[in-house]
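All chains, full assembly: derive it from the sequences and hints.
Residue numbers (our numbering), protein chains in the order written: chain W, 30 to 366; chain G, 30 to 366; chain B, 530 to 1156; chain Y, 530 to 1156.
Hints in this document: simulated from the structure, not taken from any laboratory. Every value quoted in this text rests on a predicted model; they were computed, and no experiment measured them. Treat the hints with caution; some may be incorrect.
Pairs of lysine-lysine residues, derived as DSSO-like cross-links and limited to a Cα-Cα distance of at most 30 angstroms, are as follows [as the list claims (entries may be wrong)]:
1) B:982 <-> Y:652
2) W:249 <-> W:161
3) B:652 <-> Y:652
4) Y:730 <-> G:161
5) W:39 <-> B:653
6) W:247 <-> W:172
Okay, here's what each chain looks like letter by letter:
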Amino acid sequence: MSDAPTTTRKDWASDQEVRWCPGCGDYSILAAVQLLLPELGVRPENTVFLSGIGCAARFPYYMNTYGLHSIHGRAPAIATGLAMARPDLDVWVVTGDGDGLSIGGNHLIHALRRNVNITILLFNNQIYGLTKGQFSPTSEIGKVTKSTPFGSLDAPFNPLSVAIGAEATFVARTHDMDRKHMMETFRRAHEHRGAAFVEVYQNCNVFNDGAFGAITAKDKRSEMLIDLRHGEPIRFGPEGERGVVLDAQGHARVVDVADVGADALLVHDEQRAEPSLAFALSRLSRGPFEPTPIGVFRAVERPEYGASVSAQLAAAQDQHGPGDLAELLRSGATWEV
Amino acid sequence: MSDAPTTTRKDWASDQEVRWCPGCGDYSILAAVQLLLPELGVRPENTVFLSGIGCAARFPYYMNTYGLHSIHGRAPAIATGLAMARPDLDVWVVTGDGDGLSIGGNHLIHALRRNVNITILLFNNQIYGLTKGQFSPTSEIGKVTKSTPFGSLDAPFNPLSVAIGAEATFVARTHDMDRKHMMETFRRAHEHRGAAFVEVYQNCNVFNDGAFGAITAKDKRSEMLIDLRHGEPIRFGPEGERGVVLDAQGHARVVDVADVGADALLVHDEQRAEPSLAFALSRLSRGPFEPTPIGVFRAVERPEYGASVSAQLAAAQDQHGPGDLAELLRSGATWEV
Amino acid sequence: MTETAQPARPLQRLDHVVIRFAGDSGDGMQLTGDRFTSASALFGNDLATLPDFPAEIRAPAGTVHGVSAFQVHISDHDIHTPGDAANVLVAMNPAALRSELHLVEPGGTILVNVDTFDERNLKKAGYSSNPLEDGTLAGYTVYEVPMTSMTVEAVADLGVKPRDADRSKNFFALGLLSWMYSRPLEPTRRWVEARFGRNEKVLAANQAALQAGWNFGETAELFEHRFEVAPATLEPGTYTSVTGNTALAWGLVAASQLADMPLFLGSYPITPASDILHELSKHKRFGVRTFQAEDEIAGIGAALGAAYGGHLGVTTTSGPGLSLKAETLGLAVSLELPLLVVDIQRGGPSTGLPTKTEAADLLQALYGRHGEAPLPVVAAYSPSHCFFAAIEAARIALKYRTPVILLSDGYLANGAEPWRLPDVADLPDIRTTFATEPNHLAEDGTAEFWPYKRDPDTLARDWAIPGTPGLMHRIGGIEKQDGRGDISYEPANHERMVHLRAAKIAGIADDIPPVTVDGDDDADLLVLGWGSTWGSISAAVERVRARGRRIARAHLVHLSPFPANLGEVLGRYRKVLVPEMNLGQLTRLVRAEFLVDAEVVSKVQGVPFTAGELERRFLAALDELEA
Amino acid sequence: MTETAQPARPLQRLDHVVIRFAGDSGDGMQLTGDRFTSASALFGNDLATLPDFPAEIRAPAGTVHGVSAFQVHISDHDIHTPGDAANVLVAMNPAALRSELHLVEPGGTILVNVDTFDERNLKKAGYSSNPLEDGTLAGYTVYEVPMTSMTVEAVADLGVKPRDADRSKNFFALGLLSWMYSRPLEPTRRWVEARFGRNEKVLAANQAALQAGWNFGETAELFEHRFEVAPATLEPGTYTSVTGNTALAWGLVAASQLADMPLFLGSYPITPASDILHELSKHKRFGVRTFQAEDEIAGIGAALGAAYGGHLGVTTTSGPGLSLKAETLGLAVSLELPLLVVDIQRGGPSTGLPTKTEAADLLQALYGRHGEAPLPVVAAYSPSHCFFAAIEAARIALKYRTPVILLSDGYLANGAEPWRLPDVADLPDIRTTFATEPNHLAEDGTAEFWPYKRDPDTLARDWAIPGTPGLMHRIGGIEKQDGRGDISYEPANHERMVHLRAAKIAGIADDIPPVTVDGDDDADLLVLGWGSTWGSISAAVERVRARGRRIARAHLVHLSPFPANLGEVLGRYRKVLVPEMNLGQLTRLVRAEFLVDAEVVSKVQGVPFTAGELERRFLAALDELEA
Ligand SMILES: Cc1ncc(C[n+]2csc(CCOP(=O)(O)OP(=O)(O)O)c2C)c(N)n1
Ligand SMILES: Cc1ncc(C[n+]2csc(CCOP(=O)(O)OP(=O)(O)O)c2C)c(N)n1
Ligand code: SF4
Ligand code: SF4
Ligand SMILES: [Mg+2]
Ligand SMILES: [Mg+2]
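What follows is the structure, encoded as structure tokens:
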């Protein structure tokens, strides 16, 4: 990529006024993306941001790239078509917990299993922002919202578990309070060939303020965030005094390192083809109130869908030459009059 | 249930001619259900079979119960409404791999996470039967079908992994060649309070004949089917000479018992709240060509959705009495003219 | 000093006034307007409101995109619209002034929060010079009020944080306007208490700001006089102020009670329909089950499932959701199960103008399904009528075992009007009966239940719900054998079923009131309306008549089928005009049905017709007819 | 003995014959019919076919539900329909006889596979006595042929398994019919070879059965004469026999070539549209990408995504799928991107009659979206016309940047006709241009790209695809500012955009051929058709004219917008009849548009009109006009 002309953040920002609520976590995600892209050596004209509907889904308007703000939940389907048709493009999908996991859940899981070459950023604020505050499929049980004045009864999805259950090849989590971590995670997602799924914990300060405060606040992070690093034992805490082990039933648990010894710690392996480890890690935290892993859970190679499709076309053309229309019309039984 | 009048299979069979292809695996599933229901002490009038579209989805017509043959993929959504409205009914959903996992994937996973009190039987024949043979989301990569003359490129879902990733509380697998196992599995599913998900390997002898033959043929079962039994070490093989262990990364593997010793075998625990073990077991087999677990993978308690909804209503009525319409109209500021 | 003190300034009587509150999305203008409306309602005025807010939750502060407005029309007589142009604009910042000024009548009054007119805010609003100084407002009466600073001052002693102090400035504005228009403060005070009771400081700040605004009017030398709009002489009764969405939600609760069936709402949030879900979620005491589904298809699916189980199944949505429900609606037509689909129309196509009003889903409601899939369509015409329309839609659905689409729109949904409450005892009985016995004798004498056996009058099918012993049966979306209900691919049977389904819906025409004509018997011009144009048409027709011109009008509640006499009515006039917030959808329908040369009066701007627009159009048509 | 041997029986010349093959779903009747058709096509007859099969894959053997039929009409002159009633019925079992007998002309010929007329099969078919013996077939010429046993015998020496032997009996029937109607065997032999080449035994069995059938005709004393239907005198050229779905798929490939854009199909299987997906999946050499999506919404979504990327995006479906695509179609209207939506209509509503034909999605195609979301609608009228209709739909989509709905139906989809192949060089150039340069100068002189800047003639917007340097821009489903394309909630802009979108579609009327009238200049009666009724109307009109009555007919390919001259044309006639396989959808449209008292001739039975039905209806109308 060294021959790609360099860009600066300015090149990636559109002239549109950003219209999120003041203080919304979306701003810092936008900044992280706009800061990262110049580092990737890619070009605005070869980059497309696709989205559905929601606050998060306004994202494309603010990027000086090609952008499509589509309809609620359908961005992964539209992106699938675009990525298949145009393997030369970088296709990003920005979605919300409602857009991506409620109405759009099916397209999301199918894009993941097919391993379409798209980078999916799911801004999880555990609420419907744009429609002014109803609970979402990631809201905790008991949540009081406009549509659940007596508390919601729906058990939430764990977005990473859903993704892993749906054969995702790249699964990661980051949060809107740590620009560096976001940039690093997005960089990894972008590098991945195939469908990359990133959950971004995002604060909606109007309808669900502080949802992640217990783990993402500056003074909480070292105790509450578990930074996954490939090949390293999973440890966290101000002094690395806590860690993660896997019990005999494959259940990941947080322990005091002093209790188990450093050698007993689970060594993170994002590259295992078998997804059970990534799944177990996705279950480590039941919500943003206990120690929660962030970073890359899983990053494995599997044929990328669009490339496989193109390869089938190329093989057919290599073998039989390009199609000839007149010949096609005569391919059945013909007769002369 | 001892006071429920007894029924016989005949009471559960409708007068409709069964219109599946001769030899279709659906027949034996129908028989298993019709034989089981009399054993459950339930009543035809309190039983509803709901389905979408597909060969499998014709199921309700053959049951002398209430039945609704709806539209493609939507049965779990319709069933959710029915089960919420009518907790007194037994609601069964019969679906196919296309109906349930392709077009209907989203409704399925949401019904599972909400833990709606329905019993879902997914007849997985790894093909679209009714539309005459296209590949489905469970078809293996490379499958040559009408819509993939050069072989399909889509990585399949593992239905159990999808269900577990979606917070399912009851997950099981059985197959159409073993009536007893089907009956036992369906019985367990029916007993479960909440959403029960059962994958049934089903042979479509017209468009995908023998898809499961390598594991379900009578002479293959003992080597290829791993019968999961709660609380027991997972062993199989004609002499129980093979077994399953969980490695340090939570990966379930088939081993020779002689190599590891019987004590090293994984003891099945369907009741673990934490789903990683069930997930790992769902990954044990990558398809019906290697040793494959059947039986109940997971059966845990979680509040049932419809009951929780009813409880909220009851609590409100207990606290404030039933609603009064005239009072409601006057609940805002009013004035007299 | 209280609001009952003698006014220090002369009192000028007005028969009506239109006030528009405008400010930043965060400025609380919807609340201010709402409170002013409430106080006016309690005071006894007739009124109509028009909230107008952006699709963004909170666009950047100070920009025109972030402006949120609320218009209220109060009057001493029966009115029908929130008013054409505002007599008074309250502009909390430069952006509000910039975006709303064109809506103020020439010579109108403008109150600005002058504190906000600094360079930064002017620039954000896109002003290159200060409109308060550069002549922009020549011809208007302008009052520059330092609302922010006076509010901060008023709450200075309460230990309120500056941010919270600033937030109370809308109550200052409300206090000032209350003084100007002689509104009682007491109801607002009580409301503030109830709402902020738990947060003492905010409560105190808001009360203080409210009073400070009032006092400012009373003491400042700015204002020459106060105004008074006397109570309207409305029909005696108990009144409440209600928005269309609340009325609709209550109508659904009422329908459930009147049908003696539990209410089940399956819905997915969408502007401007979400408030119905919110409202119904509160009413668990009425046994209302509300289900926030994963999407619109699941919303209608669950409602259909509940309906199948014998509940009153309802789904609420707006245009994009209606599009998604098309397939399931077709299934409901085929199953012949009662189901209500409520569509609160908004600007389209696609995402369109989500917070703006429009009425362009009519043809979709009629034809937006594959195959011949007819169903009844009912439209509400005013906020309070939403209550009755919901009951009527439920009545038809239950009686005829059919899905019904009930149309409302963003304007009705959020607009409020005083509503004389009906006596609950006068509401119709809409109970239906479930089959409990077999309805057919087979040749061999066995008693059977045939789910598609019909009532000979209504053509409604017999309906047995699960749980009924002996009546087990199967239904589905495949064509069914007439009567028996089994799958049938037989050609003649299919045609018979297609005709039966159509005839059932068409037959409802005999079960709905004939359309009534309001107006001059010998008029040449008929104005035919539907939906929320009712208010604007009413006002415009009154004005035309006030000018001594002859004009007649009719308003449709039933769009499918039409009232039985509609063709005859339309045939009586030389000219039929159809005001519609679309490009002419009802127009198309009546042209096709009755071959009358009806002509659309179209407005597709996301805002309702003003009475003046329609008046001019009607007068022009009359001139033409007379020429 | 070969088929060129001298016939032993006298040869009777027929100008046409209608043969109906019917048997169990497993009996291979579709294949038999297909082969007979192919041989007839190669022989030079004109022909039309009507496959007719059940929705179940294979209903229980021997039942009437499981009967699968194939009707073929062969002729020595230009014909338009598969024939009203069958002259000959081949019934492979009692169920086939029972379900198809009513479709045979009085006095017609019936060949039965007498081997299957045992008690068990008779009972399964619902016969209480044997129709071959009880007088049921009085008045028909009946041939009882032991097809099963003769086939088994013919293949006895080949070592074929009994089940496979039995399976070859359809080739016996084909051989016999080929003898009866003097069809050459050679093409069928070649086909059998190509198809079963890999499976030697089956190949040999089928060949043997085929020959045995022929021989049976030749040698058995049963038949008094053979028949011959001479080749039709068709326009010279190269012909092939094509079904509508194949022609449509080829048309899409052609459109892609003519537009010089890669073809992308996003689709979800559904009867009767799936075959287009199947056909296109084969053509990877043409760079065709086919994507079997998870559902119809993803199918159209992916097609839209590909279109956004500069591919020719297509999605194919039937009614239920069209319903599901409504919301995304609305987005495409708003985005103003080219997109083809192909709807192969089938019996509705809901799941309806999945394998039967109907044409009741027209109003949905026009109006099945929320908001004002106009788009062009094109309908194919014959199997081969599907090819040209696909190109025309693509032309409009690309030129006007708009989604287009292309309507076909189950009858066209599966029906075949001989098609004189066009010269590829004569096909239109439908290339479009992508923007590569900025198209607007900002006030400050910067060059910008405005995605909603329009061609003043076509009103098509400028289209820049991702990958184009310097033209980055954002589009979406929210209302856009005219020209610039940024989000705009401005009232007047919304109205302007609504009108612009409508005007763009309406303007296409000037870019399509005027509707032509075929028929008597001075006729009083005009028959207006659309879609697959073309054949039946043509035949009926010819018959009416053959009786010396005056009649005119016009057929619409463009349903939205209408050809510019349609109003004028309709105005010329005293009476307009509109045959439709629905309850009168086009009828409604022309009534609304032109206020003409058009009247529907409706048939909604899952089967096409017969020429006789229409003839009678037209004659009755003429009688009425003349009375
Ligand atoms: C078909 C459809 N249904 C519903 C809506 C209304 N709607 C818009 S955004 C949204 C949910 C937004 O939640 P999320 O995806 O979590 O995004 P956030 O606003 O929280 O960023 C809903 C329900 C819509 N626009 N379209
Ligand atoms: C909305 C809609 N799309 C597509 C179809 C066509 N269709 C009917 S069944 C089916 C798939 C059936 O596959 P599966 O669910 O696996 O059931 P099976 O027939 O194999 O039992 C499809 C695509 C339909 N009926 N409705
Ligand atoms: S509502 Fe929440 S998510 Fe949306 S912009 Fe505001 S703070 Fe952000
Ligand atoms: S097509 Fe396959 S699944 Fe369907 S009925 Fe036949 S054998 Fe069974
Ligand atoms: Mg959210
Ligand atoms: Mg299947």
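| Pair hint outcome, residue 982 of chain B versus residue 652 of chain Y [Cα-Cα no greater than 30 angstroms] | holds (28 angstroms)
| query | Can the restraint linking residue 247 of chain W and residue 172 of chain W be considered satisfied, given a maximum Cα separation of 30 angstroms? | reply | Status holds; Cα separation ~25 angstroms.
| query | Is the Cα-Cα distance between residue 249 of chain W and residue 161 of chain W 30 angstroms or less? | reply | holds (29 angstroms)
| task | Given the hint that residue 730 of chain Y pairs with residue 161 of chain G, test it: the Cα-Cα distance must not exceed 30 angstroms. | result | holds (25 angstroms)
| Given the hinted pair residue 39 of chain W and residue 653 of chain B, is their alpha-carbon gap at most 30 angstroms? | holds (21 angstroms)
| said: Check the hint pairing residue 652 of chain B with residue 652 of chain Y against an upper bound of 30 angstroms on the C-alpha distance. | reply: Violated - the C-alpha atoms of residue 652 of chain Y and residue 652 of chain B are around 89 angstroms apart, more than 30 angstroms.
Checked against the numbered hints given earlier, the structure breaks only hint 3 and satisfies all the rest.
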